[in-house]
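Visitor: For the record, the sequence lines run as chains S, Z and V. With the first sequence counted from 1, adding 90 to any position gets you this note's numbering. With the second sequence counted from 1, adding 2 to any position gets you this note's numbering. With the third sequence counted from 1, adding 173 to any position gets you this note's numbering.
The hints are simulated quantities; they were obtained by calculation from the structure and are not laboratory data. Hints may contain errors.
[Unchecked claim] Reference listing, derived: stretches of chain S covered by chain Z, where coverage requires no fewer than 3 residues with Cβ under 8 Å from a Cβ of chain Z: (1) 304 to 318; (2) 321 to 335.
[To be verified] Some residues of chain V that are not near chain Z, with every Cβ distance over 10 Å (derived): (3) Gly-213; (4) Met-218; (5) Leu-262; (6) Ala-347; (7) Phe-380; (8) Tyr-411; (9) Asp-414; (10) Thr-445.
Model, not experiment: these values are computed from the prediction. Positions of the beta carbon are idealized from the N, C-alpha and C atoms, including for glycine.
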Amino acid sequence: MKNKKKLGVFLFILPAVIVFFIYFVYPIGFLLYTSFMAWDGVGSMSFTGLSNYERLIDDHVFHKSLMNTLIWGAAAVFIHIPLALLLAIILSYKVPGWKFFRTVFFFPNLISTLALSMMWLFIYNGQFGLLNAALELIGLEGLQRNWLGEISTAFPALIAHWLFYVGIFMVIFMAFIATIDKSIYEAAEIDGANIFQRELFITLPLLKPGIAAGVLLAITNTLKNFEAPFVMTNGGPVNETMVMALHIYRQMVNFNYGYANTLAIMLILAGGMMILVVQLVFREKNA
Amino acid sequence: MKNIVIAGLMLFLLLIVTACSQGDEGETEASQEEEYELTFHTHYVGNEGRAETIQAIVDEFNEEHEGRARVVIDGTPDPQTLYDRNRTSLATDTVPDIFYFQHNPVDADRYYGSDKLIDLTPHLDDGWGDSFSEEGLEHGRYEDKIMAVPFESMMVPIYYNTELFAEAGIDEFPKTWDDFFEASEKLMDNGIIPIATGTGENAWSTQLMYSYIVSSIAGADFWELDLDDEAFLEGARVLEKLFEYSPSDAVGLPYSSYASYFVNENAAMIVNGPWMISQFYEQGGDEFADKVGAGTMPAYDGGEGEQGAVIAGVNFVLTGKQHTDPAKEEYAVAFMKYLTDPDNAKRLFLDSGALMEAASFEINEDDDADRISMDILSHLQEAPYEFKHLINAKSTEVANEFPSAVSALALGEVTPEEFVEQLANVDE
Amino acid sequence: MSASKKSAKLGYIPVYLILLFFLIVTTFPFIWILISSLKGNAELMRSPFSLPETWQFANYVEAFSVGNLGRLFWNSLFVSTVSTAVCILFATMAAYAVRKGGKWSKIIYFTIIIGIFLPTNSLLVPYYLIAAQFNLINTPWALITTYMAMGLPLTLLIIYGFVRGVPQEIFESAEIDGCNMFQTYYRILLPLVRPGIATAAIFQFLFAWNEFIFALLLTTDQSVRTLQVGISLFKSVYQNDFTTMFAAIFSSLIPIIIIYIFLQKHIIDGLTSGSVKG
Numbered sequence: 091m092k093n094k095k096k097l098g099v100f101l102f103i104l105p106a107v108i109v110f111f112i113y114f115v116y117p118i119g120f121l122l123y124t125s126f127m128a129w130d131g132v133g134s135m136s137f138t139g140l141s142n143y144e145r146l147i148d149d150h151v152f153h154k155s156l157m158n159t160l161i162w163g164a165a166a167v168f169i170h171i172p173l174a175l176l177l178a179i180i181l182s183y184k185v186p187g188w189k190f191f192r193t194v195f196f197f198p199n200l201i202s203t204l205a206l207s208m209m210w211l212f213i214y215n216g217q218f219g220l221l222n223a224a225l226e227l228i229g230l231e232g233l234q235r236n237w238l239g240e241i242s243t244a245f246p247a248l249i250a251h252w253l254f255y256v257g258i259f260m261v262i263f264m265a266f267i268a269t270i271d272k273s274i275y276e277a278a279e280i281d282g283a284n285i286f287q288r289e290l291f292i293t294l295p296l297l298k299p300g301i302a303a304g305v306l307l308a309i310t311n312t313l314k315n316f317e318a319p320f321v322m323t324n325g326g327p328v329n330e331t332m333v334m335a336l337h338i339y340r341q342m343v344n345f346n347y348g349y350a351n352t353l354a355i356m357l358i359l360a361g362g363m364m365i366l367v368v369q370l371v372f373r374e375k376n377a
Numbered sequence: 003m004k005n006i007v008i009a010g011l012m013l014f015l016l017l018i019v020t021a022c023s024q025g026d027e028g029e030t031e032a033s034q035e036e037e038y039e040l041t042f043h044t045h046y047v048g049n050e051g052r053a054e055t056i057q058a059i060v061d062e063f064n065e066e067h068e069g070r071a072r073v074v075i076d077g078t079p080d081p082q083t084l085y086d087r088n089r090t091s092l093a094t095d096t097v098p099d100i101f102y103f104q105h106n107p108v109d110a111d112r113y114y115g116s117d118k119l120i121d122l123t124p125h126l127d128d129g130w131g132d133s134f135s136e137e138g139l140e141h142g143r144y145e146d147k148i149m150a151v152p153f154e155s156m157m158v159p160i161y162y163n164t165e166l167f168a169e170a171g172i173d174e175f176p177k178t179w180d181d182f183f184e185a186s187e188k189l190m191d192n193g194i195i196p197i198a199t200g201t202g203e204n205a206w207s208t209q210l211m212y213s214y215i216v217s218s219i220a221g222a223d224f225w226e227l228d229l230d231d232e233a234f235l236e237g238a239r240v241l242e243k244l245f246e247y248s249p250s251d252a253v254g255l256p257y258s259s260y261a262s263y264f265v266n267e268n269a270a271m272i273v274n275g276p277w278m279i280s281q282f283y284e285q286g287g288d289e290f291a292d293k294v295g296a297g298t299m300p301a302y303d304g305g306e307g308e309q310g311a312v313i314a315g316v317n318f319v320l321t322g323k324q325h326t327d328p329a330k331e332e333y334a335v336a337f338m339k340y341l342t343d344p345d346n347a348k349r350l351f352l353d354s355g356a357l358m359e360a361a362s363f364e365i366n367e368d369d370d371a372d373r374i375s376m377d378i379l380s381h382l383q384e385a386p387y388e389f390k391h392l393i394n395a396k397s398t399e400v401a402n403e404f405p406s407a408v409s410a411l412a413l414g415e416v417t418p419e420e421f422v423e424q425l426a427n428v429d430e
Numbered sequence: 174m175s176a177s178k179k180s181a182k183l184g185y186i187p188v189y190l191i192l193l194f195f196l197i198v199t200t201f202p203f204i205w206i207l208i209s210s211l212k213g214n215a216e217l218m219r220s221p222f223s224l225p226e227t228w229q230f231a232n233y234v235e236a237f238s239v240g241n242l243g244r245l246f247w248n249s250l251f252v253s254t255v256s257t258a259v260c261i262l263f264a265t266m267a268a269y270a271v272r273k274g275g276k277w278s279k280i281i282y283f284t285i286i287i288g289i290f291l292p293t294n295s296l297l298v299p300y301y302l303i304a305a306q307f308n309l310i311n312t313p314w315a316l317i318t319t320y321m322a323m324g325l326p327l328t329l330l331i332i333y334g335f336v337r338g339v340p341q342e343i344f345e346s347a348e349i350d351g352c353n354m355f356q357t358y359y360r361i362l363l364p365l366v367r368p369g370i371a372t373a374a375i376f377q378f379l380f381a382w383n384e385f386i387f388a389l390l391l392t393t394d395q396s397v398r399t400l401q402v403g404i405s406l407f408k409s410v411y412q413n414d415f416t417t418m419f420a421a422i423f424s425s426l427i428p429i430i431i432i433y434i435f436l437q438k439h440i441i442d443g444l445t446s447g448s449v450k451g
C-alpha cells in the first residue's frame, strides 16, 4: 500500500519534473557551458575560456542595455507600483463608479505588449502622432518632437507607454486591501487619525506582503522586456533604448551564439540580484 | 458559466467568419502523397510589387509538375525578419528548401560553409550556368563549388520629383555635390524636404547615400579601403551635412515612413532600388509616377569618382536546402532554373521594375515597359562604373552597427571621426 | 462605516482628477486608433485628431483580405488553448502529488516555483535548439510545448494554492471507498479546485495568446504564424497605408475585447482569489 502510494505520487509529479528538467535545468546548464565557448551556431564549438566574459567589459551596448533594464526596474518599483497602490486605495473606498474604473484600468493589461507597442509607435509618431496633435490642441506646440528619435526622449517615452497601465497590480492590491480587518480603521479613527495618516500607517504596513509580491512580479516582467524596443525603436537611436533581451536576440541572429548565452547568464544574474535586494529590503523592514 | 459559453460562441463565430474570408490559402496544404512539397521563402508577398508575378511563376511551375512536385510560397513580408530567420535556420535543420539571402562576403561564407546547402555545381552544366555572368556566379562560389546563383540585382538611382524641382527653379538633376546642396537649399526655401531618408531598421536609404558619397570621393574600388580611411571620413562629413536636408524626424525613421514622404510629395528625392517603381504607380498613380525622374551619382569636387556611376550588382543570391533524396533536390533545382529563366526575369522587370540577374533579355517596342524602368536601364548602360552598397560589401556586423552609428552622427552625438572609427572597429 | 461617508472625507475633486488622468491615458490610445482606422491616409496626415470626414469602413475589408487575419487568429487560438490544457493537466497532477507526497515532493515544488522568477527571454538559444531537437520548429507544437513549460511554475503555484486548502481526509475517505489515485484525482480533486483551475487557465491563456519573442523565433512558416508575429509584420504588410494598418491592429484586439466584456468578472475575481491564495 505504502509503495503503491509512493509510486502514484511519483507518477503524478513526473510530467512536471520532466518538463522542468528539459526547459529549466538543462537550458541553464547549457547557457553556462556555452558561455565559455566560441560558437557561431553553425559550426562546432571551441573552448575560449573567459573571453566571452571579457568581451562584456568593452561592450558598451551591453552596459547600456543593463543600465536600461535597471532603470526600467526602478521605474517599476518607484513609480509603477506606487501608482497602482494609489489607485487601489482610492478604488477601495468604493467611490462612485469604482467598478467602471477598475474594469477600464485593467483592460490594457490584457492586451499584448506587442499590440500596445504598435499603437504607441504611432502615438509618438512625429508626423501625425496623437501626442503631438494633443500638444498642439492645448497650445504647447513648443513641446512637439520626434519622441522616439531623440536621444533625450526616446527611452523615457518607451517607459512611459507602459508606466500608467497599472491595472493588474491595482487589482492585486485591492484584493489584499479587502482582506484587512475593518475594525483596525475604526480604532484608528477613534484615536483621531486622519485619512492620510490612516492609509500611511495602517494600510501600507499591512499591505507589505502584497507589495513585496507586486514588486517581485514587476521586476520579473521588467527583465522580459523585448517587444516595446523591438517594435518601437529597434534599440535606437544610438542604442539608447537597448534592453538585454533585444541584445541577446541580435547576437543570436548574428551568429554569436556563445556570446548571446553569456549575455543571457548576465540577465539571469541581474534578475537574481534585483530579486535578492527586494527580499532583503522587505525582510529588514519587517524585522 | 453562461457568460463563458456565450463568449466562447461569439469568438468561435468570429473565427469562422474570418477563416472563411481568407481565400484559398488553406487549401494549398492538401496534397497528394507522392508529390514533393518544396517551400520557397520570400518577402515578395501581399502588396509587394513583385508578389503577383512571383505567384504566377510558382503557379506555372506547379501546373507543369503537377503530381510530382509543388512549390509552396512561404511569405514573411518584412525583409529583416526574413533575413533573421534564414540566419537562425542554419543552426538547425530547418533551412528552407528554396530561399535567397542578401549577399555579403562574410554571411555568404557562413551559409556556404554550413554544409546544409545544396551544391549547385553539377546542375549548372546543362546551360543554366551560361545564363549568368561569370562575375555574378562568383557570388555563389565556395572553394571549388557553386553554392548559390545570383538572383536579384539592383541598380539604385536617386529618384527625384521633377515637378518639385521645377517649382524650386532647378532644371536638371545635380551633376556635382555642390549643385546637389545648392538645389537642396532651393527646395528647403520652397518648404520641401530635399531628401527622404531615415536611420530606422537597417538605415537602408542612408547607407545607399553613404555608399554613393564615398564612391564619388574615392572612385570605383573604395570598398577595398579601410572603413576609417580619409575617403570615408570625408564621406561622413558630407553625410552629416546631408542630414540638414533630411526629414526632421529622420533619426529612427523606418523605410515605410520616409518612403511615404516621397510618395506624398513632401520630399523631393529618395535613394532606392528599382522595385520602388511599382509603388510609385500603385500608390501615387500615373500622375505621380510621371513626375519621377531617376538621377545618378553627382561628382565630388576633387574626388576620383565619375559622375553617372551607379550602385548596381547582385543583391540577393538564390540557394536551397541540401536533400538526401536526389529527386527532391532535382525539383528544387528545377524551380530555381525556372525562377531565374530569362523570360521570367523579363516579366519581373516589366511588372515591377525589379532587375533579376539573368542572361540579358531584349526589351522590344511592344513590351509594356514603364518609362522609369527604362530610364534606369539606360543609366546602367551608360554608367562609367558600378559599385556595391555597404550592406552587400561589408559584413553583417558593419551593417548592424551602421544604423546606430549614423543616428549618432545625425544627432551630433559623435564627430565624423568617431563615426568612421566606430564602423572600422566592427569590420574585421 | 458606509462607503459614501468614507469617500466624502477623501475629497472628491482631487480623487476624480487622478481617476480622470488614468482614464484618459488608458482609453485614448484605443479610441484614437479606432477613429484613425476609419479615416483615409491623407486625412490622418492632415488632421490626426479629428473625427473622420467620411467613414472608411473599407479599411477593415482591406485589412482582413491583405493581412490574413483569420489564419492568425486561428493559429493563436489553437496554440493558446492546447498549451493551457496541457499545462493545467501537468500542474494539477503535480499539485496533487505534492499534497499527498512527503518532504521530497515539497522540495520539488519549491524548486519548480523558483522558475517564476527566471527571465525566460534569456533562454532564446536553448529553447530554439530544444524545439529543433524534437523536430518541432515551424509547427504549432514548438510553441505549445514551450509555452506549456514556461507557464508551468506559475500555474503550479496558483493551483497548489487551492489544492493546499483541500483537507487530506477527503482524499482518504475517497480511497477507503475504493478509488485509486487516478480516480481520486479525476473525480474528487479536479471538481474541488475548479476556481483555481479557472484562474490559472486565464493566466496561461493570456500569456500564450500575447507571447511574441518565441513565436517569432520558433515558427517561421506563414501557415503556423501567430497573431502577435502577424501584428509585428503589419508595418511591412501595409507599408505606408497607416489607416488600414490601424484597422488591422484594432481588429486584432477584438477577440480579447469580446472575452473581456463577457468574462470581466471572472478574470478580475480569478486574479483576486489567485493573488491572495498564491
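Visitor: State for each hint whether it applies.
Guide: Structure-based check of all given hints:
1. 304 to 318: violated (count 0)
2. 321 to 335: holds (count 7)
3. Gly-213: Holds, since 12 Å exceeds 10 Å.
4. Met-218: Non-interface label on Met-218(V) violated, nearest chain Z Cβ at 7 Å vs cutoff 10 Å.
5. Leu-262: 19 Å, holds
6. Ala-347: At about 25 Å from chain Z, Ala-347(V) clears the 10 Å cut-off, so the statement holds.
7. Phe-380: 18 Å, holds
8. Tyr-411: 7 Å, violated
9. Asp-414: Violated, because the least Cβ-Cβ distance between Asp-414(V) and chain Z comes to about 8 Å, which does not exceed 10 Å.
10. Thr-445: Check passes; 17 Å lies beyond 10 Å.
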